[in-house]
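Each chain, written out:
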Amino acid sequence: MNRIQLLLVGLALTAISGCASAPSYPPPKADSGQILVQLNGKAKEGVGGPKRETVEQEYSRTRESVEQGKAFERVDYEELEEVIVVVSSGLPILEDTPITDKATVTLTVNGDGFDRSQVVSGPLSVFRKVLSGIRIRNELDHPLLIYGFSKDGDSFEVEVPANGEAQANVIQAGIYEVYCEQDESMSCVWHAVTRGKVWSGPSDEQAFFDRLPAGTYEVLVYPPRLPVWSRTITVTAGKRETVTADLTVNDLPKVGE
Amino acid sequence: MKLLFRLIGLSLLLVATVVATAGIKAQLSDHLPAPSYVNAVSYKDGDWKWSEAKQGTVKGRATFSARRPQQPLVIYLVRIGDDGKPTEQGLFDAPATLDVSQQGGKFEPPFAVLVRKQSVKFLNDEEKEISHNVYFLGDIEADLGIFDQGDSREHEFKEAGEVSVHCSIHKRMDAKFYVAPSPAYAVVEADDSSFEIKGVPAGRYRLHTWQKQKRFKDFETTVEVTDGGTANVTVEMKR
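So the sequence lines, in the order shown, correspond to chains E and W.
Using the working numbering, count along the first sequence one by one with no gaps and you end on 257.
Using the working numbering, count along the second sequence one by one with no gaps and you end on 1239.
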């Protein structure tokens, strides 16, 4: 096989692998539209990405202090974890589609605390009442009291048995700060949504919303520790709207630079 | 002669450039970016001075309907008018600038209660050549930029509210500030439930609470402060 043949084979393999990794979504149906939110983590201007040698590694290598090195772990803007996307409007969600793949999520407590820094839950319908809820799993050998408050003053409190689970529900949508009575160093943010569709995942994935009735929607993206990104999008039946959400501090007002 | 005209022409061009640059600079300085006060509370100060006002004290204790988190509780006063709405808070001296260290990839102190108009100086006092960034989210949003070892950034908090402080480079560098509307505040520490706010200008106030780790509904009540008097308040924190 000569060089040109090798090059062609390489190009073909690259194209095949590219196609295989690109997510495919069903085309929109005639009676509804879609929203595709592409997530784009961007490091602050002037700072290199996490792939260059970091101070964290330097600390670990010179054994000054591995623990001290952890404090210098850098944000990986190419793969931000636990990004939350919420699409909402006053419109009813079509009944033949699940509101979300994960209407109820599970938040786990183990020896390291909560297993994630933020969770999102979609609407739940219980006895004709719309709620939003999460399951809390306790992997510790003692019971826990988990509580939370939203900025609007709504709250919840739930006891979770040792090595057991409990359900926490709220009637009011909101962003709840979640804490544990037995370990105050634990904290988590719960986005409780009672009207809309939700998505959660890393920033190298895309948030796809299908079967949306034509109308105007608010798209909110909550990356951890970064400013909220928002857009108002008009959805037309039979069409897909694609938007790119920049997850960055670059758009904050620059003061004193 | 031609040379003279050219020289005059060049001089005029130079003067025009300098004037234009100065004009642009002046315009820019008038339009320096300001922080985004997302949910921050604005207060009017008026022209009366705390130092010249008759003063009293507000003291009391906090009660809790359930086990309280071992975290600070801030009790603060907002001067109100006859209509119950915030009125002029008066002119007060802001506390000294708070220095915040960034050594070891940590903000120190990681939590502070500030007073409106107080400044914070973030010092990049790392022992190694490490750059840091400081940005704020919450009620006040702003980006102080990236600064190298040995440099610092200072910021004056002009509005009241809750601010979370982060570094966009290092994922574990976080801190939290609460900016009180005026020096009329007290912090109820975890091992205590009593509080005292001295030197409060006489007048009518609304007492509020802010919890670093919220477990109770925030408490509010109206307090009258009289010249040389002490107003006693029980702050009831309930779920």
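Where hints are given, some of them may not hold.
Per the computed footprint, the stretches of chain W lying under chain E, defined by three or more beta-carbons under 8 Å from a beta-carbon of chain E, are [said to hold, decoys possible]:
hint, segment
1, 1069-1075
2, 1086-1096
3, 1102-1113
4, 1203-1209
5, 1218-1227
6, 1231-1238
Calculated Cβ distances over 10 Å to all of chain W for the following chain E residues [stated by the list, open to error]:
hint, residue
7, Arg116
8, Glu177
9, Asp204
10, Leu220
Straight-line C-alpha distance at most 20 Å; calculated EDC-like pairs for lysine to aspartate or glutamate [as the list claims (entries may be wrong)]:
hint, chain 1, residue 1, chain 2, residue 2
11, W, Lys1217, E, Glu45
12, W, Lys1128, E, Glu82
13, W, Lys1212, E, Glu82
14, W, Lys1044, W, Glu1088
15, W, Lys1217, E, Glu177
16, W, Lys1121, W, Glu1088
17, E, Lys70, W, Asp1093
18, W, Lys1238, E, Glu157
19, W, Lys1238, E, Glu181
20, W, Lys1238, E, Glu82
21, W, Lys1217, E, Glu82
22, W, Lys1106, E, Asp152
23, E, Lys70, W, Glu1088
24, E, Lys70, E, Glu45
25, W, Lys1106, W, Asp1151
26, W, Lys1158, W, Asp1093
27, W, Lys1085, W, Glu1127
28, E, Lys254, E, Glu45
29, E, Lys44, W, Glu1088
30, W, Lys1217, E, Asp76
31, W, Lys1212, E, Glu205
32, W, Lys1212, W, Asp1174
Derived by calculation from the structure, the hints in this document are not laboratory data.
This one's a predicted model, so the numbers in the text were calculated from it and none came from an experiment.
Beta carbons are placed, not taken as given, at the ideal position from N, Cα and C, and that holds for glycine.
To see whether the hints hold, each was checked on the structure:
1. Counting residues of the segment 1069-1075 of chain W whose CB lies closer than 8 Å to any CB of chain E gives 3, which reaches the minimum of 3, so the coverage claim holds.
2. Figure legend: the segment 1086-1096 of chain W, annotated as covered by chain E; annotation inconsistent (0 residues with Cβ-Cβ distances under 8 Å, at least 3 required).
3. For the segment 1102-1113 of chain W, the stated coverage by chain E is satisfied: 3 residues place a CB nearer than 8 Å to a CB of that chain, which reaches the threshold of 3.
4. Requiring three or more residues with a Cβ within less than 8 Å of a Cβ of chain E, the coverage given for the segment 1203-1209 of chain W is violated, as only 0 such residues are present.
5. For the segment 1218-1227 of chain W, the assignment as covered by chain E is violated, since 1 residues bring a beta-carbon within under 8 Å of that chain's beta-carbons and 3 are needed.
6. Using a Cβ-Cβ cut-off of 8 Å, 0 residues of the segment 1231-1238 of chain W lie near chain E, which falls short of the minimum of three, so the contact claim is violated.
7. Against chain W, the non-interface label of Arg116 (chain E) holds: every CB pair exceeds 10 Å, the least being about 14 Å.
8. With a minimum CB-CB distance of about 6 Å to chain W, Glu177 (chain E) fails to clear the 10 Å threshold, and the non-interface call is violated.
9. Chain W leaves Asp204 (chain E) outside its interface by the beta-carbon criterion, the shortest separation being 16 Å against a cut-off of 10 Å.
10. A cut-off of 10 Å between C-beta atoms confirms that Leu220 (chain E) is not in contact with chain W; the least separation is 14 Å.
11. Under the criterion of a C-alpha separation no larger than 20 Å, the hint pairing Lys1217 (chain W) with Glu45 (chain E) is inconsistent with the structure, at around 41 Å.
12. Distance restraint check for Lys1128 (chain W) and Glu82 (chain E): the Cα-Cα separation of roughly 31 Å exceeds the 20 Å cut-off, and the hinted pair is therefore not satisfied.
13. For a cut-off of 20 Å, the pair hint linking Lys1212 (chain W) to Glu82 (chain E) is broken: about 24 Å separates their Cα positions.
14. Only pairs whose Cα atoms come within 20 Å are accepted, and Lys1044 (chain W) paired with Glu1088 (chain W) is accepted, the gap being roughly 5 Å.
15. At most 20 Å may separate the alpha-carbon atoms for a hinted pair to count; Lys1217 (chain W) and Glu177 (chain E) meet this at roughly 13 Å.
16. About 28 Å separates the Cα atoms of Lys1121 (chain W) and Glu1088 (chain W), which puts this hinted pair outside 20 Å; it is violated.
17. Distance check on the hinted pair: Lys70 (chain E) and Asp1093 (chain W) sit about 40 Å apart at the alpha-carbon level, beyond 20 Å; violated.
18. Distance hint between Lys1238 (chain W) and Glu157 (chain E) is fulfilled; the C-alpha atoms sit about 13 Å from each other, no more than 20 Å.
19. A threshold of 20 Å between alpha carbons decides the hint, and for Lys1238 (chain W) with Glu181 (chain E) the separation of about 16 Å falls inside it, so the pair holds.
20. Distance hint between Lys1238 (chain W) and Glu82 (chain E) is unfulfilled; the C-alpha atoms sit about 33 Å from each other, more than 20 Å.
21. Taken as a hint, the Lys1217 (chain W) and Glu82 (chain E) pair is broken in the structure, with Cα atoms around 29 Å apart against an allowance of 20 Å.
22. This hinted pair does not check out: Lys1106 (chain W) and Asp152 (chain E) have alpha carbons roughly 31 Å apart, beyond 20 Å.
23. The suggested pairing of Lys70 (chain E) with Glu1088 (chain W) is violated, with an alpha-carbon distance near 47 Å, which exceeds 20 Å.
24. Taking the CA atoms of Lys70 (chain E) and Glu45 (chain E), the gap is near 23 Å; set against the 20 Å cutoff, the hint is violated.
25. Between Lys1106 (chain W) and Asp1151 (chain W) the alpha-carbon distance is near 16 Å, which keeps this suggested pair within the 20 Å criterion.
26. Taken as a hint, the Lys1158 (chain W) and Asp1093 (chain W) pair is honoured in the structure, with Cα atoms around 13 Å apart against an allowance of 20 Å.
27. Taken as a hint, the Lys1085 (chain W) and Glu1127 (chain W) pair is broken in the structure, with Cα atoms around 50 Å apart against an allowance of 20 Å.
28. The hinted pair formed by Lys254 (chain E) and Glu45 (chain E) meets the criterion: a straight-line CA distance of about 12 Å does not exceed 20 Å.
29. Restraint check for Lys44 (chain E) and Glu1088 (chain W): not satisfied, since their Cα atoms lie roughly 40 Å apart, outside the 20 Å limit.
30. Restraint check for Lys1217 (chain W) and Asp76 (chain E): the C-alpha separation of about 37 Å exceeds 20 Å, so the hint is violated.
31. A threshold of 20 Å between alpha carbons decides the hint, and for Lys1212 (chain W) with Glu205 (chain E) the separation of about 34 Å lies outside it, so the pair is violated.
32. This hinted pair checks out: Lys1212 (chain W) and Asp1174 (chain W) have alpha carbons roughly 14 Å apart, not beyond 20 Å.
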